[in-house]
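Please put together the full structure from these sequences, using the hints given.
So the sequence lines, in the order shown, correspond to chains A and B.
If you use the numbering used here, the first sequence corresponds to residues 1 to 340, in order.
If you use the numbering used here, the second sequence corresponds to residues 1 to 184, in order.
These are computed hints drawn from the structure, not numbers from a lab.
Please note that a few of the clues may not be correct.
[Claimed, not checked] If you want the footprint, here are the derived chain A segments under chain B, 3+ residues with CB under 8 Å:
| no. | segment |
| --- | --- |
| 1 | 27–35 |
| 2 | 40–53 |
| 3 | 58–65 |
| 4 | 305–317 |
[Claimed, not checked] Some chain A residues close to chain B (C-beta under 10 Å, calculated; not the full set):
| no. | residue |
| --- | --- |
| 5 | 114 |
| 6 | 116 |
| 7 | 118 |
Where a beta carbon is used, it is the ideal one built from N, C-alpha and C, also for glycine.
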Amino acid sequence: MNPKYDINELYGKIRGKKILLLFLLTLLLLAIIFVSICLGAVPVSLQDIFNPDSRLGTLVFNVRIPRVLMAVMAGTCLAIAGTIMQGILRNPLASPYVLGIAAGASFGATLAIALGLQFVLGRYALFILAFIFSLITMFMVYGLASAHEASTETLILAGIAIGSLFNAMVSFLIFISGESIYSIIFWIMGGLWGSSWEQVYIILPVLAIGFIIALWFSWDMNALSMGDEIATNLGVKVKLSKVIILTLASILTAVTISITGTIGFIGLVAPHIARMIIGTDNRFLIPASSLIGAMMLLPSDTLSRTIINPAEIPVGIVTAMIGVPFFVYLLLKKRKGWWA
Amino acid sequence: MTETVGLIIGKKDEAKEISNFIMGYVDTVKGRTEGLEQKPLVYFEFSTPGATGSSSTITSRLITLAGGTNIAENETSQYVTLNSEYIIDKNPDIIIKFYYGTEPNEEEMNALKEEIIGRAGWDGINAVKEGKVYVINYAESSINPRLVIGLIRYAKWINPELFGDIDVEGIEEYIYSEIYGLTA
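Pasting the structure below:
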């Protein structure tokens, strides 16, 4: 009996199971999207929802659907960013927030607003500055940590320190720019409230290309998870892969944050939930994490806009209230083996 | 209230004068809007998109006095963030946005107005269609003598046909020079 055959069969089985799992998660997400489109502050019949020419149909098409799509995509972007950061840095605590990348992006966006760049260059000025500063933060944190042999603690501490610095600089900018900047910041980074098709078209290509690049590098990330030396021996260009992946995480974070403002928790937790469900192979982990990121933010947002109709509660409250108990449950249930 | 403060700081007569000035306008506005059958719908917004206030807020009271109906007047909490599609569905006739700044800045106030007009799906709202989106300095709609300026602005925006004869500049002039003692 050829032992190789058995391994292939086993691998095929596991692979099949994981693909099935991804398929089921996709179906679940589609179902949640459908339900979310049906629910809202203004009751709309199914007939009207599918008739974009009716008054309420237009309302759903112009306001509710972009919001649902934005929740899906923002959740996905943050989850991918978290997953690839955790993978490449081999650190389960890495996330756009913990490492200060989000703070860097907010600083960039606020700086653009304070300088009035959105009047001159349009909204893109925000993305560009947010991206530049998220990248600066990323490499500052990474550089600081590498200088000390990149221990787990140094990386996180460096992230928290640099993040605090950028948050302080955001407050300083607001302080020196006067009160009027508040209103401007709110309408530019005001969460999912003002979601529009325009925003969907901005974030969609970034997400699509980012997702493909992340999947493309999933083998490299798998190799890197065993250490830089092993990865080098397996033929991975370690430095280049790291730079590309960390840059990608910065772009995903920067674009999301400059549209929605800060949404915490998902970038950290979605990858862990995905890892508990589907394992650490990045080829499956990245899609699973994307789906779970969307499945965390979308129902939270739907609840936040419908639970005390017609008032809204901040989405962060709902995300934490649903997400944390679920996460704790998974932690208790699967005490070991979820972080390879 | 104004008179009580006047009594405390020993400026009873001045306080009486200010109070009379403000109450004069309040009575005028009240008199003209009381019998109105059609009260236009008004939506006002603080700095966060969707954030407005119920009938217990000063602005809501000024709007009611000026002959309008605040779309959020029946909300249970005083400050509330309304869903965008709900506001669109309510279809207000007038939209008022607060500007927070020590000195009014034309460019920023215009940007706030443009932002509201450009919101997803808001082009269907009456106020946007008819060009009735206004930006006001928040100081003119909070508790201080200047709220009489806010009241007159609201009255003119909500019921322009009733208040053509009163102009805001005159009131501003009186408040800034007589009450605050500023010289232009």
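Results of checking the hints against the structure:
As drawn, the segment 27–35 of chain A meets chain B at 0 residues by the rule of a beta-carbon pair under 8 Å; below three, the given contact is violated. Here the segment 40–53 of chain A counts 3 residues with a CB under 8 Å from a CB of chain B, which clears the bar of 3, and the coverage holds. Counting residues of the segment 58–65 of chain A whose beta-carbon sits less than 8 Å from any beta-carbon of chain B gives 6, enough to reach three: the coverage restraint holds. For a cut-off of 8 Å, the count of residues in the segment 305–317 of chain A with a CB near a CB of chain B stands at 6, and the three-residue condition holds.
For residue 114 of chain A, the shortest C-beta to C-beta distance to chain B is roughly 12 Å, which exceeds 10 Å, and the interface hint is violated. For residue 116 of chain A, the interface hint holds, the least distance from its beta-carbon to any beta-carbon of chain B being 8 Å, beneath 10 Å. Against a cut-off of 10 Å between C-beta atoms, the interface hint on residue 118 of chain A holds, since the closest Cβ of chain B lies about 8 Å away.
Checked against the numbered hints above, the structure violates hints 1, 5; every other hint is satisfied.
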